[in-house]
Amino acid sequence: MVVAEVGAGEKPDSILTLRDWCALAKSGEQVVRIHNGCDVLCLAHRECSAFLCLAPGWQGLLVLRPGLQVLSGSARVLPLSQMSLFKLQLFIDQGGVPEVRPARSEPWAALSEGVGQRRAAPALESWYLNLALQGDAPYQAFARHLRSSESYQLLGFLLEQGSGGEKLQDLAGRYGVSVSHFRRLCRQALGGAAKSELRGWRTARALLSMAEGATSLTDVALEFGYASSSHFSKEIRELVGIAPSSLIDITGLSSE
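In UniProt numbering, the protein residues as written are 1 to 256.
I should point out that these hints are in silico values taken from the structure, not numbers from a laboratory.
Since this is a predicted model, take the numbers as computed values, not measurements.
We treat Cβ as the ideally placed atom computed from N, Cα and C, and that holds for glycine.
Some clues are possibly wrong.
Stated by the list, open to error - With beta-carbon atoms standing in for the labels, derived distance ranges:
#	residue 1	residue 2	range
1	204	130	45 to 55 Å
2	96	193	29 to 39 Å
3	204	184	31 to 41 Å
4	51	223	13 to 23 Å
5	123	241	40 to 50 Å
6	241	47	46 to 56 Å
7	241	106	38 to 48 Å
8	216	165	13 to 23 Å
9	231	47	42 to 52 Å
10	230	57	35 to 45 Å
11	16	216	51 to 61 Å
12	231	57	48 to 58 Å
Said to hold, decoys possible - In silico BS3-like links for lysine-lysine, alpha-carbon gap of 25 Å or less:
#	residue 1	residue 2
13	167	87
14	195	234
15	87	26
16	234	167
17	195	167
18	87	195
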């Protein structure tokens, strides 16, 4: 059984209940998807006097700081890629200016999926996007917690500064940490090696620039830090699987 992540991309099969998850959860904001049992689920937090009680059969997402305690009841942990959710929140925020207010003092925020829902991962993302479009208070509180996490902030940093072919050593220096620690943070936020992920991001942004009417392959290559237009063309073939000439035909871009 695949279950919610505990950190650094882990998906241990032994995690079946929220109590198990609490014992293994690591530092930083965490997201967990749960389905409550037949009794009221009462939660507390070590850092403050806040309490949260969820009705029998409640299913949804919790975003929280480490320190969650289960006082009574039992909930089952459901499959979730929290890295995908952080990425999705960043994608949503690129479409407009997000709220700049800090996360509320509560150590958690909750989003209910509704009773009896059995959404797979793609449907869960569609559901979250719909909540973002509605923009109601529970979503706003949940989103503020995601934005305050280091994973979200690191993703924003990488999107802004890491898509031009920069070396990890340079990015780590700008972020203010050692290279080894930066690699660990990137693996937690991205779910894999930073180098391959950033390579895909750079290619995607370059292709978007082409679609938006950049003047030539050479201009696109220079803008996004490729050594030459031939280097850029090689990346397209390897990552997209089609020749640049095919994209040129579609976009009307000059191959000069």
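Structure-based check of all given hints:
1. 204 <-> 130: 45 to 55 Å: violated, 24 Å
2. 96 <-> 193: 29 to 39 Å: Because 31 Å falls inside the window, the suggested range holds.
3. 204 <-> 184: 31 to 41 Å: violated, 24 Å
4. 51 <-> 223: 13 to 23 Å: violated, 53 Å
5. 123 <-> 241: 40 to 50 Å: violated, 27 Å
6. 241 <-> 47: 46 to 56 Å: This hint holds: roughly 49 Å between Cβ atoms.
7. 241 <-> 106: 38 to 48 Å: holds, 46 Å
8. 216 <-> 165: 13 to 23 Å: holds, 18 Å
9. 231 <-> 47: 42 to 52 Å: The hint (42 to 52 Å, Cβ to Cβ) holds, given that residue 231 and residue 47 are roughly 50 Å apart.
10. 230 <-> 57: 35 to 45 Å: Distance hint for residue 230, residue 57 is violated at roughly 59 Å.
11. 16 <-> 216: 51 to 61 Å: Given about 56 Å between the Cβ atoms, the range holds.
12. 231 <-> 57: 48 to 58 Å: Since the Cβ atoms of residue 231 and residue 57 sit about 55 Å apart, the hinted range of 48 to 58 Å holds.
13. 167 <-> 87: Satisfied, since the Cα-Cα distance of roughly 22 Å is no more than 25 Å.
14. 195 <-> 234: holds, 17 Å
15. 87 <-> 26: holds, 19 Å
16. 234 <-> 167: At roughly 19 Å apart (the allowed maximum being 25 Å), residue 167 and residue 234 satisfy the hint.
17. 195 <-> 167: holds, 9 Å
18. 87 <-> 195: Distance ~17 Å between residue 87 and residue 195 Cα, so the pair holds.
Comparing the model with each earlier hint shows violations of hints 1, 3, 4, 5, 10; every other hint is respected.
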